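*Asks:* Fit chain B to the given chain A structure using the hints.
Protein chains: 2
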Amino acid sequence: TQNCNALYAQAGGVTAVINSTAAGLIAAWRQQAPAGARLFGARDGIVGLLEERLVDLSALHEPELDMLGYSPSAALGTCRHVLQPEEHARLVAVLQRHRIGTVFYNGGGGAARACGDILAIAQAAGYPLNVVHVPKTIDNDIPDTDACPGFGSAAKYLATSLREASLDLAAMAGSSSKVFILETMGRYSGWLTAACGLAARHPGEGPHILLLPERPFDEERFLRRVRETVDRYGHCAVAASEGLTGANGELLHATGQRDAAGDRQLGGVAPWLAARVTARLGYKCHWSVADYLQRSARHLVSATDVAQARATGQAAVMIALAGERHFSPVIRRLADDPYRWDIVAAPLAVVTAPERRVPADFLTADGYQLSAAGRRYLAPLIVGEDYPPFRDGLPDYRIPAFTDISLSP
Amino acid sequence: TQNCNALYAQAGGVTAVINSTAAGLIAAWRQQAPAGARLFGARDGIVGLLEERLVDLSALHEPELDMLGYSPSAALGTCRHVLQPEEHARLVAVLQRHRIGTVFYNGGGGAARACGDILAIAQAAGYPLNVVHVPKTIDNDIPDTDACPGFGSAAKYLATSLREASLDLAAMAGSSSKVFILETMGRYSGWLTAACGLAARHPGEGPHILLLPERPFDEERFLRRVRETVDRYGHCAVAASEGLTGANGELLHATGQRDAAGDRQLGGVAPWLAARVTARLGYKCHWSVADYLQRSARHLVSATDVAQARATGQAAVMIALAGERHFSPVIRRLADDPYRWDIVAAPLAVVTAPERRVPADFLTADGYQLSAAGRRYLAPLIVGEDYPPFRDGLPDYRIPAFTDISLSP
Numbered sequence: 391t392q393n394c395n396a397l398y399a400q401a402g403g404v405t406a407v408i409n410s411t412a413a414g415l416i417a418a419w420r421q422q423a424p425a426g427a428r429l430f431g432a433r434d435g436i437v438g439l440l441e442e443r444l445v446d447l448s449a450l451h452e453p454e455l456d457m458l459g460y461s462p463s464a465a466l467g468t469c470r471h472v473l474q475p476e477e478h479a480r481l482v483a484v485l486q487r488h489r490i491g492t493v494f495y496n497g498g499g500g501a502a503r504a505c506g507d508i509l510a511i512a513q514a515a516g517y518p519l520n521v522v523h524v525p526k527t528i529d530n531d532i533p534d535t536d537a538c539p540g541f542g543s544a545a546k547y548l549a550t551s552l553r554e555a556s557l558d559l560a561a562m563a564g565s566s567s568k569v570f571i572l573e574t575m576g577r578y579s580g581w582l583t584a585a586c587g588l589a590a591r592h593p594g595e596g597p598h599i600l601l602l603p604e605r606p607f608d609e610e611r612f613l614r615r616v617r618e619t620v621d622r623y624g625h626c627a628v629a630a631s632e633g634l635t636g637a638n639g640e641l642l643h644a645t646g647q648r649d650a651a652g653d654r655q656l657g658g659v660a661p662w663l664a665a666r667v668t669a670r671l672g673y674k675c676h677w678s679v680a681d682y683l684q685r686s687a688r689h690l691v692s693a694t695d696v697a698q699a700r701a702t703g704q705a706a707v708m709i710a711l712a713g714e715r716h717f718s719p720v721i722r723r724l725a726d727d728p729y730r731w732d733i734v735a736a737p738l739a740v741v742t743a744p745e746r747r748v749p750a751d752f753l754t755a756d757g758y759q760l761s762a763a764g765r766r767y768l769a770p771l772i773v774g775e776d777y778p779p780f781r782d783g784l785p786d787y788r789i790p791a792f793t794d795i796s797l798s799p
Numbered sequence: 391t392q393n394c395n396a397l398y399a400q401a402g403g404v405t406a407v408i409n410s411t412a413a414g415l416i417a418a419w420r421q422q423a424p425a426g427a428r429l430f431g432a433r434d435g436i437v438g439l440l441e442e443r444l445v446d447l448s449a450l451h452e453p454e455l456d457m458l459g460y461s462p463s464a465a466l467g468t469c470r471h472v473l474q475p476e477e478h479a480r481l482v483a484v485l486q487r488h489r490i491g492t493v494f495y496n497g498g499g500g501a502a503r504a505c506g507d508i509l510a511i512a513q514a515a516g517y518p519l520n521v522v523h524v525p526k527t528i529d530n531d532i533p534d535t536d537a538c539p540g541f542g543s544a545a546k547y548l549a550t551s552l553r554e555a556s557l558d559l560a561a562m563a564g565s566s567s568k569v570f571i572l573e574t575m576g577r578y579s580g581w582l583t584a585a586c587g588l589a590a591r592h593p594g595e596g597p598h599i600l601l602l603p604e605r606p607f608d609e610e611r612f613l614r615r616v617r618e619t620v621d622r623y624g625h626c627a628v629a630a631s632e633g634l635t636g637a638n639g640e641l642l643h644a645t646g647q648r649d650a651a652g653d654r655q656l657g658g659v660a661p662w663l664a665a666r667v668t669a670r671l672g673y674k675c676h677w678s679v680a681d682y683l684q685r686s687a688r689h690l691v692s693a694t695d696v697a698q699a700r701a702t703g704q705a706a707v708m709i710a711l712a713g714e715r716h717f718s719p720v721i722r723r724l725a726d727d728p729y730r731w732d733i734v735a736a737p738l739a740v741v742t743a744p745e746r747r748v749p750a751d752f753l754t755a756d757g758y759q760l761s762a763a764g765r766r767y768l769a770p771l772i773v774g775e776d777y778p779p780f781r782d783g784l785p786d787y788r789i790p791a792f793t794d795i796s797l798s799p
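Just so you know, the protein sequences line up as chains A and B, in that order. For what it's worth, our numbering labels the leading residue of the first sequence as 391, then goes sequentially. For what it's worth, our numbering labels the leading residue of the second sequence as 391, then goes sequentially.
Isolated chain A (complex conformation):
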C-alpha cells in the first residue's frame, strides 16, 4: 500500500517497563511487517513528530532490543502535548512525507485523548491513517484493560518498600517514631495505594491504613485510627495517595505547579499528613515521597508486568497488520488464580472513557484496608521478578543510539 510505514511514540509519565512495550513492538514489526515497510520513532512524543525529529526503529537489532527492554524511563522521550489547531496541517504533512499509515502512541489517558485528536485531524484532511493507542501508565486508570502495563511494577516496588519500611518502623517504635507515611503517585485514582495493602500478610503488619482519593479524607477519623493502631501494635504504617481529597473533593495538597497539559502537579501529601499526626497526637513521624523512584525502578519490576508490557507492544503490531483499525490492545483477565490473560483489541473511543477508579468493594468497609476482592484483583499483577544486568554494582541501563532519519530537502 501507499502508506506502508508506521510510527511509534511515547507519551506522558514514564514507567519501568514502557521500553519493554517498545522492544516488543519493534521486534514484532521487524518480523511481521511487509518487506520495505519501515518503523519510525518520534522523539518526545507528538512534539517530536510535529518537529520531524524521527529515528529509524527498524534498524535496531536483537541485542539492542534486549538492552532497551531492561532500561527504565522512555527511551525516545515523551511529552504531554495537546495538539493545537495551527499544528493540524503540519501533523498531516509530516505523516504524508514519511508515508506513515499507522501511528502507535504509547501512553496513558493523555495519549488516548491525543489518539482521538490525531484520528480526527487525519480524517478531516482526508488522510488515511490507522491510530493505535498502546496503553501504559503506573496510575492503572485506563478502563477496559485488566491492568495497565507499568502499574504492576510500580505496585510491586511500593508494596515491597512499604513492607521494608514497616519493619524499620517496628524496630524502633518503642522509643522513637511511631508512624511512617509513604506517599504514592496515581493522580486521582488510588490503585497504587491499594496495592501497598498487599504488603500486609496479617493484621499486625503494615500498612495499617490506606488513604485513597476514592474516599474523602476525614482527619478526625484518621487520627483516631492512627492512635488505635499505635495502642494496639506499637506503631502505624500508612500509604497515602498524592491525590488525596477532602470532603468537598478539594485536593489536600498540591504543589501549585502545572504540567504542559494544564494538569496540577501533585506531591507533598505525606509531609502534610505527618505534620498533622505530630501536631495532634504528639507522635514522632517519618515519611517518604518516592516520586520518580516508583515509576523508574527497573531493578524491581513485576515479571508479569514485563510480559504484559511486551505482549501489548507485539499485539499492537500484529492486530494492526491483520487489518484492525483505531483500536487499543488491552489485557483481558481469563482467571485469577492461577492468573491467565490474553490481549484483545478494544475500540479507541472506549479507551478514552473517564479514568477508572478503585471500586468500593476492593476496600474494607472503613476504607482503610484491602478487601479480599481487592487482593484477588491485585495479587497476580506483581508476581515474578525480572532483574536487569548489573555492572560495577549498578543496573547497566543503556538506551540504544537511535539513528536519526535524514531529511531530504
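Hints were generated in silico from the structure; no laboratory data involved. Everything numeric in this text was worked out from a predicted model, so none of it was measured. Honestly, I wouldn't trust all of these hints.
Copies of the same chain look alike in the list, so a pair counts if it works inside one copy or between any two.
[Said to hold, decoys possible] Straight-line C-alpha distance at most 25 Å; calculated SDA-like pairs for lysine to any residue:
1. K674 / Q392
2. K674 / W662
3. K674 / G564
4. K674 / L440
5. K674 / Q759
6. K674 / L509
7. K674 / L613
8. K674 / E609
9. K674 / Q655
10. K674 / R622
11. K674 / H643
12. K674 / R503
13. K674 / R747
14. K674 / V472
*Replies:* Using the frame of chain A, we list chain B on its own:
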C-alpha cells in the same frame, strides 16, 4: 569461667544488613563458644537489657539464621538510649544475674558511646565485663573501619535510584520538569550523597550536582550551576544530604523533632531546595525523600556489604573468644581493585572518636562531583547483588520467633 554467657543487642537506625551481622555472630557463637555458654539477645537494645527483656539466641538453628540474614530492619528492635546514673546498678545486676561476661552492642556512634558507658559502669562496680562494639550504620561516619556495614547497601540503593530517576527526568525534560532532587540520609556526613555520584558514568549523566554537609551550601552558586546544567544537558539531577548546612554551619532544614538521644530529626531539605529552584529559576521540579526506604531496602543490597556485615558479626565472636577485650571488629582495606579486605580489632576508645566526614579530595574542587579518589574508595562497596527469596511477588521477610528467657523469681 564464671561469666561465660554473652549478650547481643542492636542500636540506633536500622540497616538492610544488620540482621546479617546478627546471623553471623549467632552462628559463630554456636560453633565456637565453650559448651554451656549461652548467647542472649536483648530486645530494643540496652532498654530491653535494663528491663530484662531477653531472648535465647543460642536456640536459633540454621534455617532461622538464613531467614534472619535475608530480613531488613533490626530483628531484636533497637533504641537510642543514653544510660542514666540511676540505671547503673540495675545494668550490673541484670548482667550478673545472667552471668553475662561479654556484651556485643551492634550500632553506630551512639552504640559506641553506650559501649564506653557500659564499660565504665562495669569497671566502677568491679564487675568483669568485655565490651565489644560491632559497627553498623548507613551513615558511614565511624572512624577506623574502611566502611560501616549497612552503608554499601544504602549507597547502592541510592545510586541505583538516582540513575533510574535521572533517566525518568531526561525523558520528559523537554516539555516538563527539568530538575530532580533526591534527598539522602547520613546526618552530618555526606557519604550517601557522595555515593550517588557513582551513578554517573559520563558527564551528561545524573547526578549532575552533589550537595554534602561537608561543603556549606551557597544558594547563588548552586542555582547558577543548575541553570548551566539545564542549558547544557536539558535537565539537572541533584543528590542532597538531609544535613545540608549554610555558611555558618546552621542546618538548612530540620523537622524540629528530636530523637530519644536529643539529636535533631532531619529530613525535608529536598522540597526546600526544589521550592528555591522553582522560585528563582522558574523550572518545574520533582523531588524524592527516600527516608526509611534507603536503609531497609533488603531487596537491593550490596553483596560486598552483606559479606562484610556477616563477617563483622563472626569476627566479633572469634576475636572475643580469643581473649581480646574492649574492641571493635573493623574492616581494613588491603586493595582497591580488586577490592580485598579483612577484619581486625580496633580499641574501643578509638571508635568513639568524632564522626568521620567525607575528605575534601573525594570531591572535585567545586564540591559538586565525585573525584577519582572518591570513586576509587566508594566503587567496591556497592558491588554484587544478593536477592532475598520472594513469595507472591514480594520479598519473603521473616523475623524468627525468638524464645523469651523465663526469669526465675
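*Asks:* Need the list of violated hint numbers for this structure, in ascending order.
*Replies:* Going through the list in order, the structure violates hints 1, 6, 13 and respects the others.
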